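Please build the complete structure, drawing on both the sequences and the hints.
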Amino acid sequence: MIIEISAIWCNSCLVMKKVWKSVKEEYQNIKWKSLDLDFDEAESKYQNLEKLPVLIFEKNGKEVSRLVGEKKKEEVIKWIEQNLV
Amino acid sequence: MIYLDYSATTPVNQEVIESYVKTCQNFIGNPNSLHKLGIEANKLMKEATEQIAKLLNIKPTEIIYTSGASESNNTAIKGIAMKYQNRGKHIITTELEHSSVVAPLQYLTNLGYEVDFVRLKEDGQIDIEHLKSLLREDTILVTMASVSSELGIMQPIEEIGAILKEYPKCFFHVDMTQNLGKVPISLENIDLASFSAHKFYGMKGIGGLVKKEGILLEPLIHGGKSTTIWRSGTPALPLIVSLAKALRLSLTDLLEKQEHILKLNTYIRKELEQISGLHINSSEKAIPHILNFSVLGMKPETLQHALEVHEIYVSTQTACAKGTNPSTAVMAVTRNKEYAKSSLRISISHLTTLEEITTFVNVLKEEIEKLTLK
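Protein sequences, first through last, are from chains A and B.
Under my numbering, the first residue of the first sequence carries the number 3, and numbering increases by one thereafter.
Under my numbering, the first residue of the second sequence carries the number -7, and numbering increases by one thereafter.
Worth flagging that the hints you see were computed from the coordinates, not collected in a lab.
Since the model is a prediction, treat every value here as computed from it, not as a measurement.
For every residue, glycine included, the Cβ atom is placed at its ideal position computed from N, Cα and C.
Hints are supplied without guarantee of correctness; some may be wrong.
Computed, partial: chain B to chain A, Cβ under 7 angstroms [said to hold, decoys possible]:
{"#": "1", "residue": "E7"}
{"#": "2", "residue": "N22"}
{"#": "3", "residue": "N24"}
{"#": "4", "residue": "S91"}
{"#": "5", "residue": "V94"}
{"#": "6", "residue": "A95"}
{"#": "7", "residue": "T101"}
In silico lysine to any residue, SDA-like type, Cα no more than 25 angstroms apart, as pairs [unchecked claim]:
{"#": "8", "chain 1": "A", "residue 1": "K19", "chain 2": "B", "residue 2": "I177"}
{"#": "9", "chain 1": "A", "residue 1": "K74", "chain 2": "B", "residue 2": "I120"}
{"#": "10", "chain 1": "A", "residue 1": "K74", "chain 2": "A", "residue 2": "I32"}
{"#": "11", "chain 1": "A", "residue 1": "K73", "chain 2": "B", "residue 2": "D115"}
{"#": "12", "chain 1": "A", "residue 1": "K74", "chain 2": "B", "residue 2": "E358"}
{"#": "13", "chain 1": "A", "residue 1": "K20", "chain 2": "B", "residue 2": "K113"}
Between beta-carbon pairs, the in silico distance windows are [claimed, not checked]:
{"#": "14", "chain 1": "B", "residue 1": "L208", "chain 2": "A", "residue 2": "K23", "range": "27 to 37 angstroms"}
{"#": "15", "chain 1": "A", "residue 1": "E45", "chain 2": "B", "residue 2": "Y99", "range": "13 to 23 angstroms"}
{"#": "16", "chain 1": "B", "residue 1": "Y99", "chain 2": "A", "residue 2": "K75", "range": "15 to 25 angstroms"}
This is the structure we're talking about:
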């Protein structure tokens, strides 16, 4: 599962929304969950959220990897592929 | 105390406070009441609105009073998106926007709207050709700030407005919070424009949205007629009168004020350019009121607090953003992560003196040296 953490006031998060949407269409077999930093109290569930947006890759309920900040679609895909191995 | 954060907010002009107090004392009626006190209040409200309209060169019916620019931006963006969703769900913006533009756009993205960002040139102005290439049949709104709050970059609003006139299905919203009362722009080719009184020596809690005749909006606040049907609530007469006063005063002797600010800006730039490791992020397209710079390797909040010890008040990012994210605006213009992580903004006014600026420059140099040695 991939957890995407963003904030409504964060410009980089808005930039990444379109990228994530496009990536999700190519990886429909992966479950995605969206959390808003403030409204969903994401900081009570995940540590070190100083920089946004954040993608967290989880396997069996455990965090295995993070991707932080504005990234190109190819970078997100590369990160997913590395974690799928 | 040396206040260099006038873009965050300004001290209220004494005459503005007096107009507010006098209206509170002498006009107690609700402008929508039909008795004598209401009629008198309504007459004053119309006079104030006519004055504001004249100063902005628009019709009195084109003003919607709000609590400030955040509400105006929300009203414009969500209002257009909801009302015209049958035309399309595509919106264009820039990476220089205030969080009160970013947040409603995120909200709309979650509802299925699509947002594209127009590319910026090296000087921070938008790439007009890229904007043209982004415009589609289903584009319903282009929204951007005339002057970015963090960097002070001024966009060629008249030129953009003229281009967008060729796209009658697409509305043009301008967040003019940082230019009104500082640098004039024409509202001729703009459909909607947001502003806030506290940015030009007015009271906090009052602002406006200019909405040109014939444009419809889905209101944020429903409740029937107020000053307009587009934003309900008892008209805040004392605040409206104080807004008219603040706007008139801010536009008085504007050229002289601009000249004074430009002189100060030129002096600061000259001095800051001599500091090793300091990079000025505001390009030549920035208004002289705002100067954004980065001191490499130095956390902006550390420098901000070091200046605060000397009672010098500057800003890191905009007052309304939070978190420790690098500045998206600085990153978008400079394309340099280190600059984006270490940016500070000073914003000056016609009230700022050369003596204050000289002190600021000297203290800044000392503090950078001290922090570098640590």
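### Message
Taking the Cβ atom of B/Y99 and the Cβ atom of A/K75, is their distance within the range 15 to 25 angstroms?
### Response
holds, 23 angstroms
### Hint check for A/K23 and B/L208 - Cβ pair distance inside 27 to 37 angstroms
The hinted range 27 to 37 angstroms holds for B/L208 and A/K23, with Cβ atoms some 29 angstroms apart.
### Task
With a cut-off of 7 angstroms on the beta carbons, see whether B/A95 makes it to chain A.
The hint holds - B/A95 has a Cβ within 7 angstroms of chain A, the shortest such distance being about 4 angstroms.
### Task
Check the following: the C-beta atoms of A/E45 and B/Y99 are separated by a distance inside 13 to 23 angstroms.
Because 21 angstroms falls inside the window, the suggested range holds.
### Task
Using 7 angstroms as the Cβ threshold, decide whether B/T101 counts as touching chain A.
holds, 5 angstroms
### Interface restraint verdict for B/V94 against chain A (beta-carbon cut-off 7 angstroms)
Hint holds; B/V94 Cβ to chain A Cβ min 5 angstroms, cut 7 angstroms.
### Task
With chain A as the partner, please determine if B/N24 meets the hint condition of a C-beta pair closer than 7 angstroms.
It is violated, given that the least Cβ distance between B/N24 and chain A is near 34 angstroms, above 7 angstroms.
### Task
Tell me if B/S91 is really an interface residue toward chain A, meaning its C-beta lies closer than 7 angstroms to one of theirs.
For B/S91, the interface hint holds, since the closest Cβ of chain A sits about 4 angstroms away, which is under 7 angstroms.
### Query
Taking the closest Cβ pair, is B/N22 under 7 angstroms from chain A?
Result: violated, 35 angstroms to nearest chain A Cβ.
#### Entry: Agreement of A/K20 and B/K113 with the hint, judged by alpha carbon distance not exceeding 25 angstroms
holds, 22 angstroms
### 25 angstroms Cα cutoff - pair A/K74, B/E358
violated, 41 angstroms
### Given hint B/D115 paired with A/K73 - CA-CA distance at most 25 angstroms
Given that 25 angstroms is the threshold and the Cα spacing comes to 23 angstroms, the pair holds.
Taken one by one, the earlier hints fail for this structure at numbers 1, 2, 3, 8 and 12, listed in ascending order.
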